[in-house]
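Peer 1: In case you want the letters, here they are:
4 protein chains.
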Amino acid sequence: MSQSSTDSFASVHSDTSDDESSPRDKLQKSTKGPSDFCIKNISQADFGRKEIEMAGREMPALMNLRKRAGGEKPLAGAKVVGCTHITAQTAVLIETLVALGAQCRWAACNIFSTQNAVAAALVKAGISVFAWRGESEDEFWWCIDHCVGTETWQPNMILDDGGDLTDWIYKKYPELFKNLKGVVEESITGVYRLYQLSKAGRLSVPAMNVNDSVTKQKFDNLYFCKESVLEGLKRTTDIMFGGKQVVVCGYGEVGKGCCAALKALGAIVYVTEVDPICALQACMDGFRVIKLSEIVRHIDMVITCTGNKNVVMREHLDKMKNGCIVCNMGHSSSEIDLVKTHVVCAYLKWVHVRPRVDHVIWPDGKRIVLLAEVRILCSSNEVQVMKLRCENLRVCIFSDEYVASLHLPIFDAHLTELSDDQAKYMGISKHGPFKPNYYRQVNFSLSRRQTLTHILTFNVSNPFCFLL
Amino acid sequence: MSQSSTDSFASVHSDTSDDESSPRDKLQKSTKGPSDFCIKNISQADFGRKEIEMAGREMPALMNLRKRAGGEKPLAGAKVVGCTHITAQTAVLIETLVALGAQCRWAACNIFSTQNAVAAALVKAGISVFAWRGESEDEFWWCIDHCVGTETWQPNMILDDGGDLTDWIYKKYPELFKNLKGVVEESITGVYRLYQLSKAGRLSVPAMNVNDSVTKQKFDNLYFCKESVLEGLKRTTDIMFGGKQVVVCGYGEVGKGCCAALKALGAIVYVTEVDPICALQACMDGFRVIKLSEIVRHIDMVITCTGNKNVVMREHLDKMKNGCIVCNMGHSSSEIDLVKTHVVCAYLKWVHVRPRVDHVIWPDGKRIVLLAEVRILCSSNEVQVMKLRCENLRVCIFSDEYVASLHLPIFDAHLTELSDDQAKYMGISKHGPFKPNYYRQVNFSLSRRQTLTHILTFNVSNPFCFLL
Amino acid sequence: MSQSSTDSFASVHSDTSDDESSPRDKLQKSTKGPSDFCIKNISQADFGRKEIEMAGREMPALMNLRKRAGGEKPLAGAKVVGCTHITAQTAVLIETLVALGAQCRWAACNIFSTQNAVAAALVKAGISVFAWRGESEDEFWWCIDHCVGTETWQPNMILDDGGDLTDWIYKKYPELFKNLKGVVEESITGVYRLYQLSKAGRLSVPAMNVNDSVTKQKFDNLYFCKESVLEGLKRTTDIMFGGKQVVVCGYGEVGKGCCAALKALGAIVYVTEVDPICALQACMDGFRVIKLSEIVRHIDMVITCTGNKNVVMREHLDKMKNGCIVCNMGHSSSEIDLVKTHVVCAYLKWVHVRPRVDHVIWPDGKRIVLLAEVRILCSSNEVQVMKLRCENLRVCIFSDEYVASLHLPIFDAHLTELSDDQAKYMGISKHGPFKPNYYRQVNFSLSRRQTLTHILTFNVSNPFCFLL
Amino acid sequence: MSQSSTDSFASVHSDTSDDESSPRDKLQKSTKGPSDFCIKNISQADFGRKEIEMAGREMPALMNLRKRAGGEKPLAGAKVVGCTHITAQTAVLIETLVALGAQCRWAACNIFSTQNAVAAALVKAGISVFAWRGESEDEFWWCIDHCVGTETWQPNMILDDGGDLTDWIYKKYPELFKNLKGVVEESITGVYRLYQLSKAGRLSVPAMNVNDSVTKQKFDNLYFCKESVLEGLKRTTDIMFGGKQVVVCGYGEVGKGCCAALKALGAIVYVTEVDPICALQACMDGFRVIKLSEIVRHIDMVITCTGNKNVVMREHLDKMKNGCIVCNMGHSSSEIDLVKTHVVCAYLKWVHVRPRVDHVIWPDGKRIVLLAEVRILCSSNEVQVMKLRCENLRVCIFSDEYVASLHLPIFDAHLTELSDDQAKYMGISKHGPFKPNYYRQVNFSLSRRQTLTHILTFNVSNPFCFLL
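If you read the protein sequences in the order shown, they are chains Y, H, D and Z. Our numbering applies: residue 1 is where the first sequence begins, and numbers increase by one. Our numbering applies: residue 1 is where the second sequence begins, and numbers increase by one. Our numbering applies: residue 1 is where the third sequence begins, and numbers increase by one. Our numbering applies: residue 1 is where the fourth sequence begins, and numbers increase by one.
Here chain Y stands alone, though its shape is the one from the complex (with noise of 0.2 angstroms):
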């Protein structure tokens, strides 16, 4: 089982429905939806569907993509089996595949993620699922195995969040890669899986990591971290940014995002850095580039956004000042390092003293506070993370400028047109692509510096190319 399968244990907690049994066991049974599906309760349903729709209303990219395609049914013949989490959010993105065309069947990838009352909604409108919050290991994998197909329906595209899916069946359904017109993937440790399988030669299918993709980068790090760290500040810490001294661990795209959120707000913002050409960008951007322990003992809060490991280190704790802020913004929790810090328990205390905030105590009395038990600070609710990851399988499926495209309307954006002259002048077609295929590749290349051996293009004139 994937990391991203039992992440979110904590968030179980607050369902409190009183039904023990396990869906497994019981008849599942829908008025007008398919026979074949296994969750825990369809009378939720309408209250699930309400869920997606207040979603859907803050998904206006995908409700375009719906009024642009018309009647069309461009996706008319993909079968996808996806396996992500399953809230209101995934739930528009399905809608979506299936209002363009195509047939769906979806699992879990998390086993306390799942929004019983949307897997609900989902069935009473026609798509199979097979997940509850709550599954047991065991179960996990049963929901998987159901639902990658049956005998009369086999799928001819994967998306996955963490491997788990893409994994089983190629395990146990090795053949079904045959018809596969290509794996998506979202998350780290599945892109790791896949390369893996790629460098061993045996990934005979084109696979996509929504992770690097240029709207991920641009869009999703620059821009929502931007947005976002300031609130999940806020929420945590009741903190004022006028005045403070904060260091942001990383200058890439998120750290470019945090940094000049903080900035604006008025905080004072330094930024270490291992790479000279981001160094550069800091330096240019108004930022001082030091190393953490040249100011660790004056500033009131550290955000980290490497990538990396270890950045934050216990001797770095020892010498903040009493009060600071310790919060990670990276993809890994691994960017502060709390192993040497729990291991001491005896010196240090640890009080849990609200939701997200922990404060670790030193003997004289000072407290460093940790947000969100350092993983992840990206914002203080859930939703907006899943709707965040749904952005980007958007991305898998349809170049990147027609999903900007779609975004346009939202700020009444009025896109000038080349006329004829001009397109021949530029050497580019009047309707784009706009950027020369480098700028795309950047697309389908993995973090941590390895390339897929197999890379999709897509361009604007025929954005369904991939399922079709």
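Hints are computed from structural coordinates only; laboratory data are not their basis. Keep in mind that a hint or two might mislead.
[Unchecked claim] Residues of chain Z placed beyond 12 angstroms of chain D at every Cβ, according to the derived structure: (1) LYS26; (2) GLY126; (3) LYS319; (4) TYR347; (5) HIS414.
[As the list claims (entries may be wrong)] Below, simulated DSS-like cross-link-like pairs (lysine-lysine); rule was C-alpha separation at most 25 angstroms, straight line: (6) H:LYS181 <-> H:LYS79; (7) H:LYS263 <-> D:LYS424; (8) Y:LYS424 <-> H:LYS199; (9) Y:LYS291 <-> H:LYS430; (10) H:LYS291 <-> D:LYS291; (11) D:LYS424 <-> Z:LYS424; (12) Z:LYS319 <-> H:LYS67; (13) Y:LYS349 <-> Y:LYS321; (14) Y:LYS349 <-> D:LYS50; (15) Y:LYS67 <-> Y:LYS29.
[Unchecked claim] If you want the footprint, here are the derived chain Y segments under chain H, 3+ residues with CB under 8 angstroms: (16) 265-279; (17) 287-293; (18) 297-309; (19) 418-428.
This structure is a prediction, so every number in the text was calculated from the model and none was measured. Heads up, the beta-carbon is just placed ideally off N, CA and C, and yes, glycines get one too.
Put chains H, D and Z on the given structure of chain Y with help from the hints.
Peer 2: Frame of chain Y, contents of chains H, D and Z only:
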């Protein structure tokens, strides 16, 4: 003769030397320099040396490079023939190459732009220069021809700005190409020529396009434009930016820099774009994306940065309000269509009111203010443009990361070093390169979407590989 | 009963104490506090103490003040009777006054806002408190009456929020006014009452309006709003600001703060103003100044900060597009005219969708999103508002410059000291005040343009003069 | 003679008129102007007229004022004698006064700053001017004396810059004070003189200090400095701001403007302050507040804006690193203590390297770059300073709100009008004034903390009251 060899015609006017004889006809003698050179007046060398020293103080990255090399000669063996503007800034570059062990011969790429005193100082320092201000066309080619080499000295690298030198060698001394390690070209014109050769399969050596380097794209375009657009406008117009409505056409790096600077000073900025990704970035950065025709009646200024042609048309000029300012920060002067405006000169009056400022006057008295004859308003003085180009030439020879690291001491920026453990976790070397190849390859693509067939890559551990 | 005594009705709902008896009817006994008090439950004191300690960590200026006073008792002799919200933050203020030598008695200005545990902790610390959550109106006045004093203890200063305490004393114990050194009032309502007294010639003691202090105007309004508007919006709406079109009505300090924050996060901000000076500032700061009716069809959000009424009218709501957000950052909830909207409820539907979020739905399905029932969206939690008011109360007692100097250590800011020579050159004392009187007198003017007849001034060398 | 009458000595050098005779000795004849004047050369009038027209295009508020007055002559009856710099910008002001009905006579406040062609154009337009570039001291006073009036024309208002005219009238024609409606003074020196008179009880007429007007404080100081500091630095130094470490001494309006602009362009800005309120504002705005001595070794630039003296001392200069730039944006040139630096000239070398740029060179080769001889670096050309002063003079005659409203059309800004209901609610008139008196009285206080005894207030409905 390429465009760059004539485009500074005006600047010659300030040269008031009385000596009308051609340097070709004079005895060229230097007490301690080479015997092989041709310049205007060796006696100006001391004055030129001061100019070079002053320029050096403002180019700390090159000075750092000399220091960092210590006594070593990493460029020993390199024989560079160059053809660029000959200014104090270029001289700092040339002498850095020499300090690192290279041998250099140099000619001017422009008949008017040579600073005679600087040429004299270079000669006195032992470099064979063939250039003076006010060359005739015949003299221009004579200088290039004499610069190429001698029987005992043949170049193994070309640094060209405009392509005239490369073309001359290609046609007259094709055998030299066998020894060439590479061609570095700065101008769009020159790159286009190389591309034609490459397409025809006749470019047998590696060639690089400085103009699309990462450093150029990410630093010069973005940051330089951000800093210089305000100055360019202030120096020509006395406008106050606060509250002024400005349209920036194009949201590439140049446009992003202009928009950021203008917004920071309180202007209300609108953006026009053809590319949905750039348009979406403009939205997220807080700019209204509109078509020029929608807003043209209300604006105080329009700045073109598209790289395309005919972005501002006569019909737009007709609709602008009295006093509207029109200028160009893009590569070419074709962004604003003045042809149709000029043609109807019986209808419109054209008045040159100040250096770099023209008024076009409509019959009803309306005046449109054209800056810099709609050439690039990059900076008010040519020196800075030269300096900029010079910085770019560096990029061709060293890796971007190496160049960036040379700049960091200027900002007293302290780079963090990866631990062995962290480097391993990231899958990269402790000392870089930190960016994947696809990122750095952006360097070498041609503008207008074409790609050179021959591309070199470098790494920090051997930044001098190109020449060795 | 003033408005402030009832306006938190909703907040009582979260109080789930089972004990239904009135504290008035119970024996009030504290092991070591005063014998003279009336609260809900003394046994909650330890929990309340923890709350006060946590609040104290976030109010460093008051903590600095205690330290700076050292063991001295500059407020010895001061007898303060207070009537405010009783929260952990207020408790930090009260205990600071006590630490500096003052004697205090306190009642609640609101029948619902008392934190019972905090009241218990204050009593245990020796302060006579008469307050509990959920007082009846009769109990409210009973508490105030018992708080005023005893035969042996008579106040010489009033700290009031809403004017109920002052009014009660004025009517029932007018003889106490002889001993009063001053009245400090926070609320607009209370200030208005004082003004009426003053105009009628019946206000015989100095009075101060906290609300118009320099610190309040320049720090709380500007900086606090700048930081809190984003959070308030994020917490209620999940909106991303980048590219959103927002109208801010009013460009006073609150409006300036909102505009700066929204612009910094990438929103496109328009301003409406009635005052040409503020309008011109908005222009210079880069905001289009328009009338609401001109832009209302296109915007994503409108925020009112005028202090005026009926700024957003039903006719504006009718024209807004689906999903437009309407909220208020100004003092009063009358900025948005909901009366006419409510009245026609047969036509419009009103749906409460989340805490602090209502939808008004038009027959065609259009939804307008109202936040916080158009009360002030200052912050998502009441605590921060309390804290803010508490900070303001400080201002009444100490000079603005002294208060500012207390905050500087928080920012590790190092003040430069004038030399004797420089002080003489500037014509001021070395240790301030640095601002001329006219600047500081801004403190004491009433809002709505009236001025109190009795105004006090302070200086840094004796910040405690008011109470002594 | 006041300081302003000699402080532009350098500027006379650019005047290369051959005519050495004094205008006093020549026949002064104008075909259609007044008979009563004395200038250099009436034949330059046409050229001067063009200069005035160009200046007028950049001073739209005054042009709007002329339009708004329509054919009416609100200033009929006003007889203004003025003594200011005589430039194209001043001419626009003078001719506006005339257009509104005033009669004017004018002299120069500086022996070198008169633009002879402009003076000629004014004479041709019917205004009695007594001024030329390069007056001797004797001629200076002769001009003022002849300007004051004639037997049939006596002034009822003085517009002065430096106090020389007021002083002359006070001493030689004290009886004129009986008819005076007021004195408007721009310079600190002149205001100080008035204050001495006022303190001695001998100032019998209202007087106004332009320098402390709301418009000057809030617009000119803040916004003008924000825009001009960047240009001033760019024009003299070619510095790029990104990443540069800058200390701004003083965080008043000028300092705030400088800090905002530099931060916006990517500089890292530190602030020094003596006043805790301003220091706290700097903190909240995101600037580190330090003492100059703490950071002086590391900075790239220091800018003084305190209004105080000896802010940068020799000991600071000694510690600065090579190439550090020192300049002044404050009122006086005494902010940087050059006396001690000059005195030890045997030790330090002083080299004038470019207009407005000097280098001070230490024995070890370290160079400190002094800009504008540490006079105000407000703008690179004097014209803009003149324009600025001119804008301020307007303020004296009209209310700030009226002046602001004249500027709004420039920004196409649309003011919202209060409804009757709203005006009543706010307790103000529908058409203003919108600010309480205490706000507007800021106008008239003296700098250095003194207050004039005679203060006038205006209102929008009768902006011309002062002169009528």
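Peer 1: Hint by hint, note whether the structure agrees.
Peer 2: Now for the hints, and whether the structure bears them out:
1. LYS26: holds (46 angstroms)
2. GLY126: Given a closest Cβ separation of 33 angstroms, the condition holds.
3. LYS319: holds (16 angstroms)
4. TYR347: Holds: least Cβ distance 24 angstroms, greater than 12 angstroms.
5. HIS414: The claim breaks: Z:HIS414 does not keep its Cβ more than 12 angstroms from every Cβ of chain D (closest is about 5 angstroms).
6. H:LYS181 <-> H:LYS79: Answer holds: H:LYS181 to H:LYS79 is near 10 angstroms, not above 25 angstroms.
7. H:LYS263 <-> D:LYS424: Distance ~41 angstroms between H:LYS263 and D:LYS424 Cα, so the pair is violated.
8. Y:LYS424 <-> H:LYS199: Holds. Y:LYS424 to H:LYS199 sits at ~18 angstroms (cutoff 25 angstroms).
9. Y:LYS291 <-> H:LYS430: holds (16 angstroms)
10. H:LYS291 <-> D:LYS291: holds (23 angstroms)
11. D:LYS424 <-> Z:LYS424: violated (48 angstroms)
12. Z:LYS319 <-> H:LYS67: holds (24 angstroms)
13. Y:LYS349 <-> Y:LYS321: holds (16 angstroms)
14. Y:LYS349 <-> D:LYS50: holds (17 angstroms)
15. Y:LYS67 <-> Y:LYS29: violated (32 angstroms)
16. 265-279: Three-residue rule met by the stretch 265-279 of chain Y, so holds; n is 8.
17. 287-293: Coverage by chain H holds here, the residue count being 5 at a Cβ distance below 8 angstroms.
18. 297-309: holds (count 3)
19. 418-428: holds (count 8)
When the structure is compared with the earlier hints, violations turn up for hints 5, 7, 11 and 15 and for no others.
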